[in-house]
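2 protein chains.
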Amino acid sequence: MMTLHGYWRSSASYRVRIGLALKGVAVKHVAVNLRDESQKSKDHLAINPQGFVPVLELENGAVLTQSLAILEYLDATYPDPALLPMDPLLRSRVKAAALTIAADISPIQNLSVLKYIRAQHDQGDAGVTQWAAHWIETGFVTLENIAQSHKTDFFMTNAPSLFECCLIPQIYNACRFGVDINRFPKLMTIDAKCRELPAFIAAAPENQADVI
Amino acid sequence: MMTLHGYWRSSASYRVRIGLALKGVAVKHVAVNLRDESQKSKDHLAINPQGFVPVLELENGAVLTQSLAILEYLDATYPDPALLPMDPLLRSRVKAAALTIAADISPIQNLSVLKYIRAQHDQGDAGVTQWAAHWIETGFVTLENIAQSHKTDFFMTNAPSLFECCLIPQIYNACRFGVDINRFPKLMTIDAKCRELPAFIAAAPENQADVI
Chain A
1 MMTLHGYWRS SASYRVRIGL ALKGVAVKHV AVNLRDESQK SKDHLAINPQ
51 GFVPVLELEN GAVLTQSLAI LEYLDATYPD PALLPMDPLL RSRVKAAALT
101 IAADISPIQN LSVLKYIRAQ HDQGDAGVTQ WAAHWIETGF VTLENIAQSH
151 KTDFFMTNAP SLFECCLIPQ IYNACRFGVD INRFPKLMTI DAKCRELPAF
201 IAAAPENQAD VI
Chain B
1 MMTLHGYWRS SASYRVRIGL ALKGVAVKHV AVNLRDESQK SKDHLAINPQ
51 GFVPVLELEN GAVLTQSLAI LEYLDATYPD PALLPMDPLL RSRVKAAALT
101 IAADISPIQN LSVLKYIRAQ HDQGDAGVTQ WAAHWIETGF VTLENIAQSH
151 KTDFFMTNAP SLFECCLIPQ IYNACRFGVD INRFPKLMTI DAKCRELPAF
201 IAAAPENQAD VI
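Chains as they are written, first to last, in the working numbering: chain A, 1 to 212; chain B, 1 to 212.
Honestly, I wouldn't trust all of these hints.
[As the list claims (entries may be wrong)] What the simulated footprint calls covered on chain A by chain B, stretch by stretch (three residues with Cβ under 8 Å from a Cβ of chain B suffice, anywhere in the stretch; the number is not a length):
hint, region
1, 3-17
2, 41-47
3, 72-82
4, 195-203
[To be verified] The calculated DSS-like cross-link candidates involving lysine-lysine, where the alpha carbons are at most 30 Å apart (straight line), are:
hint, chain 1, residue 1, chain 2, residue 2
5, A, Lys40, B, Lys193
6, B, Lys193, B, Lys28
7, A, Lys40, B, Lys28
8, B, Lys186, A, Lys42
9, A, Lys42, A, Lys115
To be clear, the hints were calculated from the coordinates, so they are not data collected in a lab. Note that this is a predicted model, so its numbers are computed, not measured. Quick reminder that beta carbons are idealized off the backbone N, C-alpha and C, glycines included.
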């Protein structure tokens, strides 16, 4: 059985949990507590020198990092149900939308970035929240615009894809930072549909063993 | 012929130029001047509502965004030479390393983020440079560590891959922000090897028509 090293509230861990659950792949979970900096522990750095979660450890001990790269590995090795369309154009567009979250929103409000602006830019809680909310809203404006132009059941597809693996954790995160998510009605519709599905329920932060 | 909307000094545009050149795919170039905010013009927003470069416009007018998604589209449609290994594990690891640049370094020092910290966090040139250098160095420490553990001609492969499409532009950027790149000897070796290759020379910022 594979092992997922993750944290209940890490949105990148949450993405991989959704992908695993959609594909019906059971894994052993190892909790890496980001609040006590366990991701910087010697044990965790030995499997991921970047000191990030998630890490997927295969049965033979090989490790994979970066949530999108892990999800694409899972899609190649457990192809059913597919997380990405086979048509190269649509496949690229779903990936682009996933990257709008996983590259253009999420890393800018990563814990290490928030710590930096607190310490080096003298930002308090209000400044930190405003920062995180700004980048989430900026990205969501683009994604809502794209979502509005599609008639599919989900974002660009008729089943949850790599994009929904990223969107639902990012909406969860948006709520933590007080973003007015009602500005993004199509994204909220997708969120509501996903959160009724067993895979998304199983992957939700509040349903993890390490929830605090 | 396809059209690449880009900017000579944009590292994401530079990535796609390298991929196109490695594959020998000729495109028409449209310069989007980021210094005068042409990326926010009505014309550019009509093709990419996110207001970013690069955008690859196909012959039929379909548009693709996000450099990694564009590069993977090119790899699927122009498979030779491959930018990604076919083995799922190695493929995922090359993507993970590319994401360490394209998600964990580059967006944090995107122009819009630098503008935000100047305006909202009262950062001057020194603070902006320190910020950009910090995130580049943090990511490069991880990548140098990984590079040291491989005996291949390039990062994890024996030919330039998706990763080198990201690395060389990021090293170019690191130099702009005064990062001491000699701390990363293996990355510098890869950079030197790549910059001797015709594809990387053709794609270099200083060899673009819109260079200032």
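Taking the hints in turn, this is what the structure says about them:
1. 3-17: It is violated, with 0 qualifying residues against the three required.
2. 41-47: violated (count 0)
3. 72-82: holds (count 4)
4. 195-203: Not satisfied, violated; 0 residues make the cut.
5. A:Lys40 x B:Lys193: violated, 33 Å
6. B:Lys193 x B:Lys28: Given pair B:Lys193, B:Lys28 holds - Cα atoms ~27 Å apart, limit 30 Å.
7. A:Lys40 x B:Lys28: Given that 30 Å is the threshold and the Cα spacing comes to 46 Å, the pair is violated.
8. B:Lys186 x A:Lys42: holds, 24 Å
9. A:Lys42 x A:Lys115: holds, 21 Å
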